[in-house]
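Quick mapping for you: the protein sequence lines, in order, are chains H and D. Counting along the first sequence from 1, when you hit position 8 you're at 8 in this note's numbering, and nothing is skipped either side. Counting along the second sequence from 1, when you hit position 186 you're at 1186 in this note's numbering, and nothing is skipped either side.
It should be emphasised that the hints constitute simulated quantities derived from the structure, not laboratory data. Since the structure is predicted, the reported quantities are computational estimates derived from the model, not experimental observations. Just so it is clear, CB atoms sit at the ideal spot from N, CA and C, and this is done for glycine as well. Among the hints, erroneous ones may be present.
Covered by chain D, per the in silico footprint, the following chain H stretches (three or more residues, Cβ under 8 Å) [said to hold, decoys possible]:
1) 56–70
2) 92–101
3) 112–120
4) 148–156
5) 176–186
6) 222–228
7) 283–296
Computed list of lysine-lysine pairs in DSSO-like fashion (alpha-carbon distance at most 30 Å, straight line) [said to hold, decoys possible]:
8) H:Lys285 x D:Lys1285
9) H:Lys197 x H:Lys170
10) H:Lys381 x H:Lys52
11) H:Lys170 x H:Lys93
12) H:Lys281 x D:Lys1423
13) H:Lys136 x H:Lys148
14) H:Lys327 x H:Lys290
15) H:Lys48 x H:Lys79
16) H:Lys234 x D:Lys1207
17) H:Lys300 x H:Lys330
18) D:Lys1203 x H:Lys93
19) D:Lys1203 x H:Lys268
20) H:Lys281 x D:Lys1147
21) D:Lys1051 x H:Lys337
22) H:Lys327 x D:Lys1051
23) D:Lys1102 x H:Lys268
24) D:Lys1358 x H:Lys93
25) D:Lys1275 x H:Lys197
26) H:Lys52 x H:Lys158
27) H:Lys254 x D:Lys1051
28) H:Lys353 x H:Lys381
29) D:Lys1102 x D:Lys1423
30) H:Lys158 x H:Lys254
31) H:Lys298 x D:Lys1350
32) D:Lys1194 x H:Lys298
33) D:Lys1374 x D:Lys1102
34) H:Lys197 x H:Lys93
35) D:Lys1275 x H:Lys260
36) H:Lys170 x H:Lys79
37) D:Lys1207 x H:Lys233
38) D:Lys1350 x H:Lys281
39) H:Lys268 x H:Lys234
40) H:Lys52 x D:Lys1203
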Amino acid sequence: MFKLDRKSILIGTSAFAASVVLLSGCGDSTSTGVASNTSKSCEIGVYKIIDKHAIDGGVIYARQNGVYTDYRYNQQSMKGLNYGRPATANEIKAWNVDALPDGTGLPKGQGSVEEGDELFEAQCASCHGDFGGGGKGYPQLTGGNQDKDENGIVKVLKNQRLLPGMAAPKRTVGTYWPKATTLFTYIRDAMPYAHPKSLTDDQVYAITAYILSQNEIKIDGVEMDDEYVLNAKKLTQVVLPNNNGFYPDIDGAKGPANVKAFFADRAKNIGMGTRCMHDCKDISKDGHGKMVAPSVFKIKYEMSDVVPPYAYARDLPPEVDTGLVSKGEKMYNTSCKLCHGTDTMGAPMVGDKEAWASVMQKGLHEVVHNAIAGTGGMPPKGGNADLSDADIKTIVEFMANSSK
Amino acid sequence: MDKTLKTKESTSVSRRDFFKKTASISAVAAAGLLAPATLNADDPAIMHHTKWGTTLGDGCNYHPYGIPSKYEHNIVRRTSALMSSAGDMHAAISMTPLYAQKGIITPNGLHFTRTHNGVAHVDPNEWRLMIHGLVEKPIVLTLEQLKRYPSESVIHFVECPSNGAAEWKGPQFNSVQFVRGMMSCAQWTGVRLKTILDDLGLKPEAKWMLAEGGDGSEMSRTLPIEKVLDDVIIAYGQNGEALRDEQGYPVRLLAPGWEANLSVKWLKRLEFGDKPWYAKEETSKYTALTASGRAIQHFYALETNSIITSPCPEIPWTYLKKGEMIEIQGLAWSGYGTVRGVDISFDGGKNWVEASLKGLILPKCWTRFSYMYKYEGKPLLLQSRSYDDSGDVQPTVNQEKTVVGVEGVYHRNAIHTWEVTAKGEVNNVQVRS
């Protein structure tokens, strides 16, 4: 009886052990939330699943009787807390500036391609390249062939670099982006890179117009020449070439259901492995469409320009002398501070002006000599024989100077 | 390395020599060298008084906020020009040193970072969270008000969907830190978003939520309501302390198991609506272009994945002798659910054995695996393959490539291969066709 009690206490003291032993996969089997059952079906890491096809393709675990997988939670009501305060209409207006593809939320204002050209050259081209053509290490915004195949897919997006010399897919506003409203909010909220939110809405319309024109986008069949003026209404009319290049379809009432169905068939849609254990075959098509067995590919050009450079030694870091701590202070800290850092040890405390004025009346030479030889309750060199006589002088000078 | 040691063994190793040598070689080799069994001479580490045993240590007030041992100064996040824009480190990524990772909790100073406009420094006194749109009562919360809500603490990995993206077309980095270091795992503390929504009243027509950050990039993403009501947390705590600036101080969203990009940092605003927003980071970026020429959008959960962290290029087996036993260990994880097991292959994926899981096994969390191996000094192609309770199994490079191609950038979870040479060196290779 007592032994049993003791055992249960031991289990109870370790929250993790307790949860693994008592709750895993079994937490739903009793009304108290703590199962007494420790049968084999009650495996570690097996948790009660209530939805095998969550929207992301994963599972949703039960939250029942205060148990969620290996976690416990508070089952009491958490309603009516009423924290925070109502947002004012002005506050919502100030922050709710996002814009949807249907134009909801786009601000008033307008800007021409020509104005955008000037702004782009001054504020954007240094990163995104002349005309947004890239080449500076930051995203390329324009260029790329927008021609589509018979299925309406932008051809350059099908490029795969499976073999040397194959071209990369081009991902610019003209070839890849689905929505033009995103271009507007991107520029307004996050650009220019070093000074985000510094452009007026008119300027943002102008730069948006310029980037669209450089991508040879037509709005309602109209080419965007230098004089073309973009505003909210026209921006909403833009249909970018790759508008239909994304899946699953997230729009409309069925959007979430489409996403769920897509991820439910992960093997087909995003690829999945198989748990083969012996003599497994793993062949696939190479860049020419030929079936080939796997082989080992080694690093061709190692990326080794890492920051900071690779280093694995467990040694002392190189000492960086910031000049903030003098040699005297360092030695004082390690060898003298224990007694001289306080006024309770009988030694003159560093910082005590009176005490040090009295000590220094003897003259520096005498004080250093006493410190080397020992004086009163102080052992020679404060007990640290590794210190040289010169070190002691440096330390005394530091202590005296710090107590003036 | 071993050769140098043997020539030294016959003569006496001076203390100074010993430490000099220890310091100049890799930490791992040093660990082997320090093992007394490899030295015939008496070990000076034992035969001499140590400096730390004969001097006074630091006072308790020396570091009011503690720091790692000075000797661990090389265990740091690392980055590379490839992880940035033209070498600019503001829209860039730094990687967790997975070879040095102990257990499943990443120290806050080593948590990987991804920023789109640098690390913002938000004044918590001026921080506000606005929750509005299709809710009965739109509100504004201060940090103190947010913290009044009942808190939850959960352990989840956070992984950039670009983790491993440098390897779509072949191996490039000879380092586990760069092969898989765009992820970390921490105990996050905050408020379950559903707790707040129960209080505010979510309107039934709400289908999507926009989460928006307050940094210079104003990072924003659209999340479906189903996830929001399941396990999304508004987090302000990271491993027992406030979030680090790099992780979105004072408050970030945490969407467990999903692309870290959805766990918006420096959180500022949550808006509920009936349409998706097509925010900037869910169109031009964070969409996975497949070989069909079309791209997967709203790609949420990170697939089951695993990596052997020991051995790895940073921790090779060069110090092992034939017949010695050694633990192979690593990390497995899945954004779909809970890791159920990990298999190990020594021959590049033809044959597999089951590894043991060890430690805590939690959903959407790093899970440790372990396999005791008798070292034979033969070349190996070492792989790990995880599977989870949603039915997901980690694919081979070919299986993944066959469905999505090699240009998707994101969500690469193909089985990884370390080549172990006859000398015990470990190199990053890829088994594919």
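*Of the hints stated earlier, which fail here?*
3, 6, 10, 11, 14, 17, 19, 20, 23, 24, 26, 27, 32, 36, 39
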